[in-house]
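Chemist: Given chain A's structure and the hints, the job is docking chain B onto it.
Going line by line, the protein sequences match chains A and B. Residue 4 is where the first sequence starts when you use this note's numbering, and the numbers rise one by one after that. Residue 11 is where the second sequence starts when you use this note's numbering, and the numbers rise one by one after that.
For the record, the hints were derived by calculation from the structure and aren't laboratory data. Note that the structure is predicted; figures quoted are calculated from it, not measured. We put the beta carbon where it would ideally sit given N, CA and C, even for glycine. Since no wrong hints were added, every one of them can be taken at face value.
Taking beta-carbon pairs under 7 Å as the criterion, some of the chain B residues facing chain A (in silico): (1) G52; (2) P53; (3) F55; (4) G66; (5) L98; (6) L100; (7) T108; (8) F111; (9) G112; (10) P113; (11) G114.
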Amino acid sequence: DAKTTQPPSMDCAEGRAANLPCNHSTISGNEYVYWYRQIHSQGPQYIIHGLKNNETNEMASLIITEDRKSSTLILPHATLRDTAVYYCIVRSLNAGNNRKLIWGLGTSLAVNP
Amino acid sequence: ETGVTQSPTHLIKTRGQQVTLRCSSQSGHNTVSWYQQALGQGPQFIFQYYREEENGRGNFPPRFSGLQFPNYSSELNVNALELDDSALYLCASSSLETQYFGPGTRLLVL
Chain A
4 DAKTTQPPSM DCAEGRAANL PCNHSTISGN EYVYWYRQIH SQGPQYIIHG
54 LKNNETNEMA SLIITEDRKS STLILPHATL RDTAVYYCIV RSLNAGNNRK
104 LIWGLGTSLA VNP
Chain B
11 ETGVTQSPTH LIKTRGQQVT LRCSSQSGHN TVSWYQQALG QGPQFIFQYY
61 REEENGRGNF PPRFSGLQFP NYSSELNVNA LELDDSALYL CASSSLETQY
111 FGPGTRLLVL
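Next up, chain A with everything else stripped away, as it sits in the complex (with noise of 0.2 Å):
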């Protein structure tokens, strides 16, 4: 089962920020949050990745909380082309773990115009 929680849908504006956030209270110390998109069954397109630290790359920001209990992705300015299935997933890099990605049923997000 995955390990995280987002909801089903949300709705945002084109041109303000996506707010998406993921509650994954029983992650581990060595267990990462990453996240990913899908466009229209198109194959998921990898986003960011984090541990502790927040990130932020040319196309998202990832907030973690202290407790690491829950996280939230950001695009700062949300446009069409950002309409997709997001997926927050938390992962062991573990060589014992296989290192398989679990899915959830991720978080659909509508930008309008």
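Modeler: Positioned in the frame of chain A, the structure of chain B alone reads:
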């Protein structure tokens, strides 16, 4: 673009047939993972190959099998196709941390 390619893009088979799906990993990546995604669901892990050896398997029956070649490309084989095998099949390649996905193969079993 991730550099991960999959073929074919779409495929139609009938129940009982066999299918082979192919994946070319991104340059420098030695690990390939396969996932099945039914409509409206998140991807489900099938198995992973690391340096030509199976490195973990999800809850899929033995009729789902795979191979990884010396150039780290991979095949997914499904025997005795069932209607429920209709799905998007995703391949992801990785070296250390992050898995990068191909565009997928859409399989329809009639």
